[in-house]
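Trainee: Line by line, the protein sequences are chains A and B.
For the first sequence, the residue numbers in UniProt numbering are 1 to 433.
For the second sequence, the residue numbers in UniProt numbering are 1 to 433.
These are calculated hints, taken from the structure and not from any lab test.
Please note that the accuracy of each hint is not assured.
For identical chains, the list gives no copy identity; a pair is met inside one copy or between any two copies.
[What the hints assert, rightly or not] In silico SDA-like links for lysine to any residue, alpha-carbon gap of 25 Å or less:
id, residue 1, residue 2
1, Lys23, Ala296
2, Lys23, Thr116
3, Lys155, Asp112
4, Lys23, Arg303
5, Lys227, Glu70
6, Lys155, Met103
Source: prediction; values computed, not measured.
Protein chains: 2
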Amino acid sequence: MPQFLSTIEPGFEAAFAHLLSLKREDSPDVDAAVAAIIAEVRARGDAALVELTERFDRVRLTPETLRIPEEEIDALCAAVPPADRQALELAAARIRAYHERQMPEDETWTDDLGATLGWRWTPVSAAGLYVPGGLASYPSSVLMNAVPAKVAGVKRLAVTVPTPDGVANPLVLLACRIAGVDEVFRIGGAQAVAALAYGTESVRPVDKITGPGNAYVAAAKRRVFGKVGIDMIAGPSEILVIADGDNDPDFVALDLLSQAEHDESAQSILVTTDAAFGRAVAQAVERHLETLPRAAIAGASWRDFGAVVVVRSLDEAVEIADRIAAEHLEILTADPEALAARIQHAGAIFLGPWTPEAIGDYIGGPNHVLPTARTARFSSGLSVMDFLKRTTLSRMTPEALRALGPAAETLAQAERLEAHGLSVRARLDRLNR
Amino acid sequence: MPQFLSTIEPGFEAAFAHLLSLKREDSPDVDAAVAAIIAEVRARGDAALVELTERFDRVRLTPETLRIPEEEIDALCAAVPPADRQALELAAARIRAYHERQMPEDETWTDDLGATLGWRWTPVSAAGLYVPGGLASYPSSVLMNAVPAKVAGVKRLAVTVPTPDGVANPLVLLACRIAGVDEVFRIGGAQAVAALAYGTESVRPVDKITGPGNAYVAAAKRRVFGKVGIDMIAGPSEILVIADGDNDPDFVALDLLSQAEHDESAQSILVTTDAAFGRAVAQAVERHLETLPRAAIAGASWRDFGAVVVVRSLDEAVEIADRIAAEHLEILTADPEALAARIQHAGAIFLGPWTPEAIGDYIGGPNHVLPTARTARFSSGLSVMDFLKRTTLSRMTPEALRALGPAAETLAQAERLEAHGLSVRARLDRLNR
């Protein structure tokens, strides 16, 4: 059973603070091992990739077979059932339509002094997408990373995906195809991240690396950050449901379980104004756990990190939601939009009874790569912006320089940066000649 | 003398690759010391801050005097000469006007299935701005960090600035005032970063930390990243000037020196189509070095990392500029806008002869916190976006769920996430009842 908390109880604040502080992740210290792997790949390139792939994935490759040839991808894609293909294509189209709306505009304007100012957006030239192998090899994640990159205009998009024992996931490869991925390499772990960041004979380096991975991949991304850009380091998934008593307990139970089944460290929390409804949801969760295929994982997550919080009012629910700053927030109340407008911190919000979070994982359109572990207080989900950067532009006229130059000179002198001041003064002197 | 390179010489590629690979920074390994300082502050709060400030800044504080009282700030601000005050106010107004244009729009729309989608931007609740003490204590940097935070809507903005030997910089405090900073603490180093990230009895924690600092500050920011957001870790400053022969060598020399004077590790590069002009600029640099107050720093930077690159055409200049991906790029050619439009990677571009980079440092309007060390390939300068985050929104109608639910269910099954599929299926069954 999960924790039951109620804001009317005197011990609430302590219990809630404890819930927030639960350490939900075992991050084994793999940093030394990862540093050694990166050094290997930098020193020996393809040869290191071949050796490490044999050691970790039990696959014998050569420099020529590190990349999966187009014909092999074609053959694997052809084996995907039509219903799966259509679902992926629909998902890709909806994700593309949503992310196309995120494309920011270039701007230039002339201010009252005649200075021209503005900015321009350009895409990252090359991006690398890490895709996990095995159980967590999700075609939906390929779409969520690759489609925004391509919408942003990234010219070269390389995927690395390990193929343990030589087994590739056809749906992952089909998702690469649909999203327009340019190159797929059958490598994984820290060695794949190192190859993307530093390049080898067969893998050209990229400028930005995104995508989820295990502790080794996360540590490698942290290490190469600065040499290349990275997206966030994602933690275990989370859902917060705010529901009044006027809901189907079964819907809410399944939504809570759909996060819990990801990972034993996932966290599912229900905040409700109705204690009886909270109990009904908890009972429905237990009932589903009897038959759910991933009951061992989901049950552990729900038992260790799940919670039902009973609040006196929706005002309290808003306050609690902001303190949790959840990755996923479902709002199941009479006027969900009004409540959503008052929430400050959440990765993604799902409104009303017909928007289970799973729709957002696959097919809604918004990105499912979202800030976890309360980082929604300061960061956003993946978007086209992760594959774009902004260059600012300025052009002074003689008149604008006359108007602004003296103040720049004053500040340069105050900061004792003489050459800064002189670079302005030399021009003002020329204009005044 | 700096390096002279020419694209017509056979050794160019090797020499240019060497120039790009120069390691321009000594980053002493302070990580263990920083970890210990952070642990101290987390364990003992204010008491640790008081002790560490006495040790590193030679200032005796108490928990009550960690924060600089308003009256003390008032008194220090009153001592600032009116010309300096006016220059700061003009700078703040221009930075504010520029950054107000960056505010992104919220969006919601209804798609062809009746689903409502969109996103909403909200500010970070509390931000901390690290301001260095001593020589690199720049009031302009306070404005460049604090103004965008306030434009974004950050409610609480706390500044930490060490006051070595008890000496505060009145211009820094005035810049805090003008920018609307809410709290100023006279602490610095890793201990200030730890206090901002974890909080103490007197310093409430923030959600995001920005601002430049020494190796200790940079290491501390890396360590607290994840607990709070951080801006980039800035390296030494850089300028790239692209100029044809139709320019004043003196202007260009001073622009190169205005980066070189920041730091012995700064890098100033001239790319020109005119070899004779390149030599004239180098001579002008030497001449100014004879009288420049910071000649020791600027001279070392120019000698060790400076370069003049002669190219056959502006096409070659564009290619070289993209490989350098400079923090600051000046374009001094007949049609600078046309050339700028072809550049893919640069932090900020300054167009034409009347836009010395120093204008951008102080008063142009765009931000002067910019990506260094080739990171302009994948990142942008500071902006209001650094203090905002996006929450995505979705609402399905019964019709939209009927249209999209089956595909979501198919993908959930393909990924073996049963509860995901069930959360959709339960609702479809209800609708079909």
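Trainee: Each hint should be assessed against the structure and marked as holding or not.
Mentor: Against the structure, the hints:
| no. | hint | verdict |
| --- | --- | --- |
| 1 | Lys23 <-> Ala296 | within (20 Å within a copy, 51 Å between copies) |
| 2 | Lys23 <-> Thr116 | neither (51 Å within a copy, 35 Å between copies) |
| 3 | Lys155 <-> Asp112 | neither (39 Å within a copy, 30 Å between copies) |
| 4 | Lys23 <-> Arg303 | within (14 Å within a copy, 51 Å between copies) |
| 5 | Lys227 <-> Glu70 | neither (30 Å within a copy, 43 Å between copies) |
| 6 | Lys155 <-> Met103 | within (16 Å within a copy, 28 Å between copies) |
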